[in-house]
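Undergrad: Chains as they are written, first to last, in the numbering used here: chain W, 1 to 357; chain B, 358 to 714; chain V, 715 to 1071; chain S, 1072 to 1428.
Keep in mind that the hints are not guaranteed to be accurate.
[Stated by the list, open to error] With a straight-line cut-off of 25 Å between C-alpha atoms, the simulated SDA-like cross-links for lysine to any residue are:
id, chain 1, residue 1, chain 2, residue 2
1, B, 555, W, 250
2, W, 198, B, 660
3, V, 912, S, 1269
4, B, 555, W, 257
5, W, 198, B, 615
6, V, 912, V, 884
7, B, 555, B, 660
8, S, 1269, V, 875
9, S, 1269, V, 964
Derived from the structure by calculation, the hints contain no laboratory data.
Here is how the chains run, residue by residue.
4 protein chains.
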Amino acid sequence: MSHNSFGHLFRVTSWGESHGPAIGCVVDGCPPGIALSEADIQPFLDRRRPGQSRFTTQRQEADAVRILSGTFEGRTTGTPISLQIENVDQRSKDYGAIADRYRPGHADLTYELKYGLRDPRGGGRSSARETAVRVAAGAVARLVLGPDVRVRGALVQIGPHAIDGAHWDWDQVERNPLFCPDAATVPVWEAYLDQVRKNGSSVGAIVALEADGVPPGLGAPLYGKLDADLAAALMSINAVKGVEIGAGFAAACLSGEENADAMSMQGGRIAFGSNHAGGVLGGISTGQPVTARFAVKPTSSILTPVASVTRDGEAALVSTRGRHDPCVGIRAVPVGEAMLACVLADHLLRHRGQTGH
Amino acid sequence: MSHNSFGHLFRVTSWGESHGPAIGCVVDGCPPGIALSEADIQPFLDRRRPGQSRFTTQRQEADAVRILSGTFEGRTTGTPISLQIENVDQRSKDYGAIADRYRPGHADLTYELKYGLRDPRGGGRSSARETAVRVAAGAVARLVLGPDVRVRGALVQIGPHAIDGAHWDWDQVERNPLFCPDAATVPVWEAYLDQVRKNGSSVGAIVALEADGVPPGLGAPLYGKLDADLAAALMSINAVKGVEIGAGFAAACLSGEENADAMSMQGGRIAFGSNHAGGVLGGISTGQPVTARFAVKPTSSILTPVASVTRDGEAALVSTRGRHDPCVGIRAVPVGEAMLACVLADHLLRHRGQTGH
Amino acid sequence: MSHNSFGHLFRVTSWGESHGPAIGCVVDGCPPGIALSEADIQPFLDRRRPGQSRFTTQRQEADAVRILSGTFEGRTTGTPISLQIENVDQRSKDYGAIADRYRPGHADLTYELKYGLRDPRGGGRSSARETAVRVAAGAVARLVLGPDVRVRGALVQIGPHAIDGAHWDWDQVERNPLFCPDAATVPVWEAYLDQVRKNGSSVGAIVALEADGVPPGLGAPLYGKLDADLAAALMSINAVKGVEIGAGFAAACLSGEENADAMSMQGGRIAFGSNHAGGVLGGISTGQPVTARFAVKPTSSILTPVASVTRDGEAALVSTRGRHDPCVGIRAVPVGEAMLACVLADHLLRHRGQTGH
Amino acid sequence: MSHNSFGHLFRVTSWGESHGPAIGCVVDGCPPGIALSEADIQPFLDRRRPGQSRFTTQRQEADAVRILSGTFEGRTTGTPISLQIENVDQRSKDYGAIADRYRPGHADLTYELKYGLRDPRGGGRSSARETAVRVAAGAVARLVLGPDVRVRGALVQIGPHAIDGAHWDWDQVERNPLFCPDAATVPVWEAYLDQVRKNGSSVGAIVALEADGVPPGLGAPLYGKLDADLAAALMSINAVKGVEIGAGFAAACLSGEENADAMSMQGGRIAFGSNHAGGVLGGISTGQPVTARFAVKPTSSILTPVASVTRDGEAALVSTRGRHDPCVGIRAVPVGEAMLACVLADHLLRHRGQTGH
């Protein structure tokens, strides 16, 4: 990954700040001949869009995407696809007060340490608003992967409340505003989040991702591993602090016997008895579902004052009254899906390039 | 990361298989004028070298590194540094039996699915032996970072046995063969590992890394984040299944108040009351220690037979009698340190390139 | 260079077709704190803009650039700079007739051979219109280089008519619409081009570039040479068929004695008696002016019918009546300057990254 | 191209100095399953090897290549191929005298300006010796391209003496030590070179390259053009000062009618009446032969003293008595072929990656 690009053959370059006129990205290297219009992208943006429930920020952004290049008569031409989303709801006044001090947990301080200046409006480049363009790029990536590859995500933990994995039902995910796959957990989370929101507080979360139908062979040794690129892609999302593939950290407690995914022949194909590997061995996809999880820290913008300092080196308290998500992990679900789709699409092309398959 | 390279300005390209004549890497982009000889690298290789205790494989490799290019009269010239390590102890017969079947948990299957063939000798390219060149490159990276940056690692969990963080003592790490920072935990681990080894089994582990003295400003928005590149670098190590920065997955359970690292002025500089961020905000270093953890799965080579299939699609049991680490997590400590050093060195140069500082 | 990006640290990603809603680019990696507004870019676009004399296409494009991201209060922030130019004058009907046949000398055929389809409107992605975004990026690159580096270009040959180098006067270049540095040649070219235009024909040209004030040390061995990157950058411009550095092809006829640029000390600094090297030795800048030349083929769109084939494999004659430059080499002057500026800016940052200078 | 690597999917990383223990390269991304042994590479190295006629340096290097990784049982495995050539004939005393002064035309000065130090033995990294590894990589690239793609080169001009193109006979190229395709020119060149050598002088040359059988569609818009990458690859060769594709600089003098390569259907396929395009339109291969030419400056090491300066800033005369090629252009023929082969192989994989063809 260079500064604001990722991928090798399916390559996304992102630009834009929260309070500029627009945000967008350039998707370069997309295969030609794929049917693509705004209608293929918009539904994914709508899933990520804020203001759809009381559990996300009440900022109102239409998040209407425009395709400015790279298609002709509804098909990709193989040339760069420029995607653009106008910024509509830019209440800069919400942010004016924090231009002179560093919000703990935000990139205010580090942008200034690095660049000597920063765009303080809404977090500027480091605003979670940027994740909209990831979702747009991910929608294109899904088309590259084709209908046989299904990329899905769900929220599996909010604060201390984890779902019961035994109740997992993918159909539930789209039926509640929390992307929760366990119907019984939804009211628990809602009550908990209402309390968090009332307190002006925030909380972290864990997102689980799964891609099934991934052809075997995607990935490359040893630095271009599928899971290494996926780890970077997920860690590049705002507020993410941890990434797991397959069994993840739980693998530390397993014995070799427990961790081994036994193989057998089933109908002429290799089948696995379990999937601790998360669909990746030696950095290369096995054909099993690719599974990953990532941890999102609590929103740093909270009502409770936290000790900080001003740009002039004075002690200051920072308390944020703006319209913020009490749990940014919720809207991270479609973002994580998008990053997984982009990494898979890139590796699909890379694999095809090297091997012809 | 492309197939076998990583880094942008401090760029490492790795090559070699377990049972070929040698392994090595090319370190390109190293600043000129740095004093460098084999003696600067060898101690780090010796820390990683197998056969130093009963808890690692008894394979004997001198792991003697040679510098074949890039230095003149003991200083780096700015041209590519070729590092090479001969393979000495190649008992291919240990591996002959598994050439026709796929070892569960290994890359045997996926290399064949991807490439249509594989080098079965000792895992070929996917052997943990490759990590020696990472350690060699990391030793060069440390010199780029200079003496003010200290990169250290420790083993903090083996199987279910975690250290007591309250007893953490960096000085202990070099005093036991398990890189354990908690003296009281060493005998617990030794007894546990003896049992694991006796059973022909294996176990996973968790490694913790810390770099202090890291200048603020390293990293880049949003895809070239310091933590995104670090996540890829650590996940690219064999057998790693999870990566955390700072509070990591524990951040999911925290409230915004708990997670906030409060700031204050201390002696004219910004100080932090805690380090849940792991020294990285918005992908950019804060000046606090950069902290990360990664999970290593149990060695897949175990004595217990596991169900698998042959290349011809027949059911087969795989049991590995070779000389293997019961816990590859142990030797992953110097490897993780090396990857952290490489990522920091690369970002140091990238930051200097963009900003001149 | 990947598909539509170039540069490593100063990295430009271009997008857009001739007849889409807009064209643009993302400039990533620009140093922070540089004063930048549209007014810094527009004059360079105006120099390249068509319709300014009877010798260029009469298409009318305002070529008004907008900065959509990457600046705050008139300064670069270090984050990606999105530059966008709307397409205004899109007379698609001019091109309708050639959608079903391949124009000789154009990319019509090869885009279809590669991608299986193409955007036929105005040449689509391969239109010379794309060069506007190069000029925009080049204007930013000039600011990165600073006022001590001066990047200039001139047209030195049109068809068989070369300038007299002894009459070279940089001041003349901006005083005629042909970027000609030799006042005596201007009327010769004008008369010649009038004839070419009247015939519905076209003609090739040669552009010379010079950058003075380039600090020594820019460039990298052996594949990242300054001149290698410059060669790619110039050859990537539409219709360019040849690139020379310094003495160029004439060096083939020189003896070692003639070609040697003798050195002496002048006022405490190394001075050169000549500049056959074009300011680059071993791929690294010497501090002398960096000089390059490139050849532009004649515009392929001509009135004279040329034998071709249709998409259905039928013989066809192609004659282009649209509004075309009789000599695209003219408008290639500001484009060549821009590419030189971009390459120098990228190498300035890369050099600083590796060496700290 | 980064410092010492080139190519995206077929990626070569080169290392080594003239007088170190060895030189070599890592070829990463090579497709699997290709039959490859040292015997496939050595003949190309032998063609480039010095000391084979009185017209090249009398240095004796066996240039025996070893494959250290990336193959198993005589086939590529898809993992990185490490190629290594020992340096045998290192008479450092030849070069001792020039360690304290800058040889005009050499990279001595610029390496020191950039890095603050240099390896003076035999030109260090900038020695033409490095081109051996390009030839080795090129031999692998030819195998990737397969037998249907034929990459050939010839010397077409030495000093003022150009061949007669009408006499071109590819079979002649291997029958004389000057890679001359025109039998009648060989004695002219031999007599001329004998005189040059006797005078302790040197002379430049022009090399022509041709690849036939190149499938259409290779290349990418607009920055990853086939010809842009080829220009960089050729300009990256030591002493090259100019690159042309197809008609090259001569295109500047052509009218649109003259330059147009007319198309017609021949046996169900598109045929061209001429090849001014050099097999590339819009940066993408047409299926015609890809043709290029490059100019090589005269060897800078000559007997005639040239004014220079010492590292201490004193005036000095430099005269080189070592064993040097009077015309490095001769041995540049196999090097140019290798670079062309590498660029084509890379674009073959990239094209396949994006389009699946």
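Undergrad: Hey, residue 555 of chain B versus residue 250 of chain W, does the alpha-carbon distance stay inside 25 Å?
TA: holds (23 Å)
Undergrad: Tell me if the straight-line CA distance from residue 555 of chain B to residue 257 of chain W falls inside 25 Å.
TA: holds (14 Å)
Undergrad: Hey, residue 555 of chain B versus residue 660 of chain B, does the alpha-carbon distance stay inside 25 Å?
TA: holds (10 Å)
Undergrad: For the pair supplied as a hint, residue 912 of chain V and residue 1269 of chain S, is the alpha-carbon distance within the 25 Å limit?
TA: At roughly 56 Å apart (the allowed maximum being 25 Å), residue 1269 of chain S and residue 912 of chain V break the hint.
Undergrad: Could you grab the alpha-carbon distance between residue 1269 of chain S and residue 964 of chain V and see if it respects the 25 Å cut-off?
TA: With Cα atoms ~23 Å apart, residue 1269 of chain S and residue 964 of chain V stay inside 25 Å; holds.
Undergrad: Starting from residue 1269 of chain S, check that the Cα of residue 875 of chain V is at most 25 Å away, please.
TA: Violated - the C-alpha atoms of residue 875 of chain V and residue 1269 of chain S are around 40 Å apart, more than 25 Å.
Undergrad: Do the alpha carbons of residue 912 of chain V and residue 884 of chain V lie within 25 Å of each other, as the hint requires?
TA: Violated. Residue 912 of chain V to residue 884 of chain V sits at ~30 Å, over the 25 Å cutoff.
Undergrad: With a cut-off of 25 Å on the C-alpha distance, tell me whether residue 198 of chain W and residue 615 of chain B pass.
TA: holds (17 Å)
Undergrad: Within 25 Å, alpha carbon to alpha carbon, are residue 198 of chain W and residue 660 of chain B?
TA: Distance of about 56 Å is beyond 25 Å: violated.
Checked against the numbered hints given earlier, this structure breaks hints 2, 3, 6, 8; the rest are met.
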